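Residues in the sequence shown are numbered from 172 upward in steps of one, following my numbering.
Quick caveat, the hints were computed from the structure, so don't treat them as lab data. A few of these clues could be false.
Pairs of lysine-lysine, DSBU-like flavour, derived with a Cα cap of 35 Å [said to hold, decoys possible]:
| # | residue 1 | residue 2 |
| --- | --- | --- |
| 1 | Lys296 | Lys253 |
| 2 | Lys202 | Lys253 |
| 3 | Lys238 | Lys296 |
| 4 | Lys238 | Lys253 |
| 5 | Lys238 | Lys202 |
| 6 | Lys247 | Lys192 |
| 7 | Lys253 | Lys237 |
| 8 | Lys253 | Lys204 |
| 9 | Lys192 | Lys204 |
| 10 | Lys202 | Lys192 |
| 11 | Lys237 | Lys290 |
| 12 | Lys192 | Lys237 |
| 13 | Lys237 | Lys247 |
| 14 | Lys192 | Lys296 |
| 15 | Lys204 | Lys290 |
| 16 | Lys242 | Lys253 |
| 17 | Lys242 | Lys192 |
| 18 | Lys290 | Lys202 |
| 19 | Lys247 | Lys290 |
| 20 | Lys204 | Lys247 |
| 21 | Lys247 | Lys296 |
| 22 | Lys192 | Lys238 |
| 23 | Lys296 | Lys202 |
| 24 | Lys296 | Lys204 |
| 25 | Lys296 | Lys237 |
| 26 | Lys290 | Lys242 |
| 27 | Lys290 | Lys192 |
| 28 | Lys290 | Lys238 |
| 29 | Lys290 | Lys253 |
| 30 | Lys253 | Lys192 |
Quick list of simulated restraints, FRET-style, between CB atoms [said to hold, decoys possible]:
| # | residue 1 | residue 2 | range |
| --- | --- | --- | --- |
| 31 | Lys237 | Lys204 | 37 to 45 Å |
| 32 | Tyr181 | Tyr288 | 19 to 27 Å |
| 33 | Val201 | Lys238 | 20 to 28 Å |
| 34 | Lys204 | Ala255 | 21 to 29 Å |
| 35 | Lys238 | Gln198 | 15 to 23 Å |
| 36 | Asn173 | Gln198 | 31 to 39 Å |
| 37 | Pro252 | Gln227 | 31 to 39 Å |
| 38 | Leu206 | Asp233 | 18 to 26 Å |
Because the structure is a prediction, the values reported are computed rather than measured. The C-beta atom is built at its ideal place from N, Cα and C for all residues, glycine as well.
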Amino acid sequence: MNLPINAYAYLGDAYLALVAKTYLVSQGVVKSKDLSQQSIRYLSAQAQADFIVFAQTQPWFDETMKKYFLKGRNYKSDTIPKNASVITYRLSTGCEAVFGYYYSIQDQETLNQLWDYFKTFVQEKYETISLR
Numbered sequence: 172m173n174l175p176i177n178a179y180a181y182l183g184d185a186y187l188a189l190v191a192k193t194y195l196v197s198q199g200v201v202k203s204k205d206l207s208q209q210s211i212r213y214l215s216a217q218a219q220a221d222f223i224v225f226a227q228t229q230p231w232f233d234e235t236m237k238k239y240f241l242k243g244r245n246y247k248s249d250t251i252p253k254n255a256s257v258i259t260y261r262l263s264t265g266c267e268a269v270f271g272y273y274y275s276i277q278d279q280e281t282l283n284q285l286w287d288y289f290k291t292f293v294q295e296k297y298e299t300i301s302l303r
């Protein structure tokens with residue numbers, strides 16, 4: 172599927188929202204307030220930007236990932252981010268574009284690996300999943 176880069180980012184955003192929320196529910200986070208607070212840790216522009224900066228230093232971050240990250244990062248959006256700097260917003264858009272690309276070609280193996288890396292990164296950096 173050959174899409175405009177903003178469409179890949181849109182798909183990546185939707186994919187991350189679904190898998191993050193599904194994961195949280197599977198871990199027993201079921202109260203609305205807790206779901207909202209925990210999901211923000213995964214879905215914030217800052218978390219995605221931090222992850223993609225980290226990912227670029229890893230051996231598994233390949234040329235295809237780099238290509239879609241750079242296209243997403245360099246996409247000139249008409250919207251101004253409300254809760255993030257322009258740099259953070261662009262980095263997170265690049266991250267979402269990577270996820271969206273693999274979602275669009277239905278590469279579930281790579282998506283699962285990326286999600287595992289992302290989930291671990293967010294948990295370690297933001298100390299998520301603290302059930303009472």
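Hints numbered earlier in the text: which of these fail when held up against the supplied structure? 5, 33, 35, 37, 38
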